[in-house]
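**Student:** One letter stands for each residue in the lines below.
There are 2 protein chains.
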Amino acid sequence: MENSGQRQRLRAVVIGGGFGGLNAALGLAKGDLQITILDRKNHHTFQPLLYQVALAALSPADIAAPIRRAVHGKENVEVLIGNAVGFDLERRLVHLEEGDVVPYDYLVVATGATHSYFGHEEWAQLAPGLKTVEDATEIRRRILLAFELSERESVLEGRQCPLNFVVIGGGPTGVELAGAIAEIAVHVLSTDFRAIDPRRARVILLEGGPRVLPSYSEDLSASAQRQLEQLGVEVRTNTRVTNLQPGAVYAGEERIDATVILWAAGVKPSPLGQLLGAETDRAGHVVVNDRLNIAGHSEVFVIGDLAHFDQDGSPVPGVAPVAIQMGQYTAKEILRRIESKPSKPFHYWDKGSMATIGRSKGIAQIGKIHLSGLIAWAAWLFIHLIYLIGYRNRFFVLLNWGWQYLSWQSGARLITGSNQLPGWQGHQETATSGEERKRAAG
Amino acid sequence: MENSGQRQRLRAVVIGGGFGGLNAALGLAKGDLQITILDRKNHHTFQPLLYQVALAALSPADIAAPIRRAVHGKENVEVLIGNAVGFDLERRLVHLEEGDVVPYDYLVVATGATHSYFGHEEWAQLAPGLKTVEDATEIRRRILLAFELSERESVLEGRQCPLNFVVIGGGPTGVELAGAIAEIAVHVLSTDFRAIDPRRARVILLEGGPRVLPSYSEDLSASAQRQLEQLGVEVRTNTRVTNLQPGAVYAGEERIDATVILWAAGVKPSPLGQLLGAETDRAGHVVVNDRLNIAGHSEVFVIGDLAHFDQDGSPVPGVAPVAIQMGQYTAKEILRRIESKPSKPFHYWDKGSMATIGRSKGIAQIGKIHLSGLIAWAAWLFIHLIYLIGYRNRFFVLLNWGWQYLSWQSGARLITGSNQLPGWQGHQETATSGEERKRAAG
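Order-wise, the sequence lines are chains A and B. The first sequence begins at 8 in our numbering and counts up by one. The second sequence begins at 8 in our numbering and counts up by one.
Quick caveat, the hints were computed from the structure, so don't treat them as lab data. C-beta atoms are modelled at their ideal positions from N, C-alpha and C, and glycine is treated no differently. Possibly wrong hints are sitting among the right ones.
Straight-line Cα separation of at most 30 Å, DSS-like style, residue types lysine-lysine; simulated pairs [claimed, not checked]: (1) B:K138 <-> B:K339; (2) B:K138 <-> A:K48; (3) A:K48 <-> B:K48; (4) B:K351 <-> B:K375; (5) A:K81 <-> A:K37; (6) A:K37 <-> A:K358; (7) A:K138 <-> B:K48; (8) A:K138 <-> A:K275; (9) A:K348 <-> A:K358.
Restraint-style ranges between C-beta atoms, simulated for each label pair [to be verified]: (10) A:Y257 <-> B:H79: 38 to 48 Å; (11) B:R343 <-> A:Q427: 34 to 44 Å; (12) A:Q132 <-> B:E261: 44 to 54 Å.
Based on the provided sequences and hints, a complete structural model is requested.
**Tutor:** Below, the structure written as C-alpha cells:
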C-alpha cells in the first residue's frame, strides 16, 4: 500500500476459484492491486474430501465455501460469477460468455481439469466422475438408490439382485471411493435394510496398469491393495475397460455386471488452456516456464492442474499442494515485479502425499518415510482438517467426523432428484435367491 | 407381542414418510404387525425448517433424515421407495407405478399436499414453492444467484439492477421467507459484495386477503406485519396476483418487477386421495370420519394434510401438529382393534401455533396467550428443536444455529446447478445508477 502513489491501480484477473486461483488471489490481496476472481461457481470446493460427500458422510456445505466468504474482508478483491470463453492477449482482455470483457494487467489462469472419457463422452452419463459438488451428490444418489432399489426388489419380488459397484481407475480417487463404498455397505447400511444384506454388495476396482496408486512407491501400492482387500474390495489390475453399457462394464470380451459405475480413470485440462494460443502438451496442459508464464507473456500465469511445469526432468503432478504452491508463488512474483524486486523462479516443494482407504486405513509417502494403515490415516485426517477453508467448515467437519466415528452413523444420506438408475434391471433379472418370500397378490 | 398366537402377522402399509406417516409407523411398530412404509423419497423432511435451507442457513441434511434411520431398530418396519398409483380396496392392494402390488390389512394414506398454482401450472417454473429439499435448494440457488448476477452487472456494466424479491402468499411460509430474505440481505450478504449494496434489495410480500397470517388472531397478524416492516419488507395486503411473467408479477394492471418470485400462496392435497374413490371436499381432501376412516372401510385411514376432518364445526388445519397427532392416533386405534379393545374417536388437541419472522422475531398463539417478538421466537426455536427427528440432526442444527447467531455467518451458501435465472434482464435494463464505473474495453 505504501508505494501506490498517483498511478492507476493495477488489476489482476484470476480465473478459477480452486486451490491455485484462491491462493493467488489471497496472496495478491496483500499488495496494492485490484483483484477480480472469475469462476463459473460461487464456491471453492475442497476436492480432496468430495468423496465423503459422494458417500453421504459429509454435506456439500461442509466441504465447499462461497469464494466471497473465503476472501471476506479483502477490500481489493471482487468475485464475479462468469464463464470465460476467450482471451485477447494483445489488448489484455478476457471475454466472457455473456459478451462482457474484463481487462487485466496481470492474468492468472487456474481453471484446473475436468473428467476425460478418452473420447467416449457418452460414458459420462453412465459413469459419473467426481470433480464438483454436483458430481458428488449425483454419485451419492446412485449409490444409495442402488441399495433402495435392491431392497424393494427383494421385498416385492423375492429375489436378490446383484449389487455391484464398479469403480474404474485405481488412482487416489478410485481407491478412496472403493474403500469407502465397501465400508459404508458393511458398517453403516447393514443394520438399516431388512430384505437385502448390504454386505452382499461387491465393490470392484478396475485399474488398467499393473498396480493401484501408481504414483506411490511399489511397497505402498501393494499395501494399499492389501488394505482394500481387507475391506472386501476386489482389486483387478491390468484390466482395461473397453466399453460401458447401462448396467455393464466391458473389459475386452469380459462383461462385468455393474449396478453403479463410477469413473476415476482420467482427467483432462480445462479447455480454456487451448484458447490462450500458447504451447500445450499432448494432453492439453499449457506449457509454462520457470516463472509459470506462457512464452512471450510475462503478465500471463497458468497454474495448477492446467499447467505443464517440468521440474527435475518430469512434470509436477496435478495435485492440490502443487496448485496451492503455484498460487502462492504467482502472487509473490507479481508483487515482486510491481515493487521492482528481483524475480525468482518457481520451485515445487514436495511435502509428500497420502491417500485414505476407508475409516482407519491409508498410505503416506513423505520423502523416504513410508506409512501404512492407521497412522497414515491419522496423518491424512490431520492435514486435511488444517487445510479446510474457513473456520466454520473446519469446526463442523471435525464434529461431524467425531460424531460418525463414535456412532457409525452417516450424516447426509439423502437421495435428491430422480429415482431412476441407468441400467437398473431388477425386474429383468432371474431370481438368484432361494429365500423367496413372494407375496401372492390377493 | 403377547397375543400373536399362531395366526399370520397382520400387515399395515403406510404411504408417505412425513409427519403423519412416520408417527403412524413408529406407533404401529410397538404392536405385533409387519409395517411397510412406502415413499417416493428416501427421507423424512422437517418441513417447518425448509425455509432455512432455502435461505442457506442450514444444509439439507440438517433438516432431513433418511426414513430408514428414523425407524432404525424397529425390526418389524420396512421402508420401500416407490410411487403408489392406485388402490384395490376390495382385494386390499396398493398398486405401484413399477407394476408391483403391495397387499395390506390396514392402510394409512398420508401423502400430504403439494403446491397449487390455481390451474396455472406454467407458473411453477417461474415461482418455485417450498415443499421438498429440492424446492429449497432451487430457491436458495435463485436467491443467491440474483445477488451474484447483480454484482456482475454492476461491476462490468456499471449499473445497478433492480433486486426485487417478490413472495406471493402471506401465510406462515411466505412470512418466514420474506422475513429471512430481508434479514440475509442486510446482515449476512452486505459485507460480502463490493459493487452492489445488498441493502438495496427490496422484499415484497403480496397477500390476497386483508391481512398476513390470517389463521392467527387480528392483533398477532398486525404484530407480524409490523415486525416484517421493521425488517424492511414491503407488505401489500388485498393484492391478488393475476399473472406471472419472467421477471414480473402482475396484480391486475400493475406490473411489479421481480428478480426472484417465490410461491407460498396455496397448496392442494396429493392427487392420490382422489384414487381412493372416497368422498372428497372441493379442494380434493379426503373426507374422514371420527376414526379417520373413509366411509365403508374401517381398515383405511387417511391422515395429515390429505384428510378433511371436521372438529367443532370446522376442518382442522393442515399443519404438522395435526398430522403428528393423527399419526399417533391411527397407530393406537389400529392396535386397539387388533387387541380387541374399545375403539376411541380422534380429537385434535390444539397446543397453539407459532410463526417466525427473521432472527429474533415471531408470533405465537397458545390458547388465550398471544406472544410477539423475541419471546415468541425463542418459544418457536425451542419447540422446533425438540421435534427435530434424530439426535444427530438436533445436535448439529443447534450447533449450526449457535454458530450463526454468534458469527452472523450463513452456513450453506452454495449455488449448485445452472447459472440461469428466468427473466434475468440485467443487460436489457436501463442504467439506474449515476455511479457508473464502466471500464472501457482496451
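**Student:** The structure should be examined with respect to each hint, and the outcome stated for every one.
**Tutor:** Hint-by-hint comparison with the structure:
1. For a cut-off of 30 Å, the pair hint linking B:K138 to B:K339 stands: about 28 Å separates their Cα positions.
2. A distance of roughly 26 Å separates the Cα atoms of B:K138 and A:K48; the hinted pair therefore holds under the 30 Å criterion.
3. A threshold of 30 Å between alpha carbons decides the hint, and for A:K48 with B:K48 the separation of about 28 Å falls inside it, so the pair holds.
4. Only pairs whose Cα atoms come within 30 Å are accepted, and B:K351 paired with B:K375 is accepted, the gap being roughly 28 Å.
5. A threshold of 30 Å between alpha carbons decides the hint, and for A:K81 with A:K37 the separation of about 8 Å falls inside it, so the pair holds.
6. Proposed proximity of A:K37 and A:K358 is supported: the alpha carbons are some 25 Å apart, at most 30 Å.
7. Straight-line distance between C-alpha atoms of A:K138 and B:K48 comes to about 26 Å, which keeps the hinted pair within the 30 Å bound.
8. A distance of roughly 12 Å separates the Cα atoms of A:K138 and A:K275; the hinted pair therefore holds under the 30 Å criterion.
9. Under the criterion of a C-alpha separation no larger than 30 Å, the hint pairing A:K348 with A:K358 is consistent with the structure, at around 28 Å.
10. Between A:Y257 and B:H79 the beta carbon distance is about 39 Å. The supplied range of 38 to 48 Å therefore holds.
11. Judged by the Cβ atoms, the range 34 to 44 Å given for B:R343 and A:Q427 holds: they are separated by roughly 41 Å.
12. Checked against the hint of 44 to 54 Å, the pair A:Q132 and B:E261 passes, with Cβ atoms roughly 46 Å apart.
Checked against the numbered hints given earlier, this structure breaks none of them.
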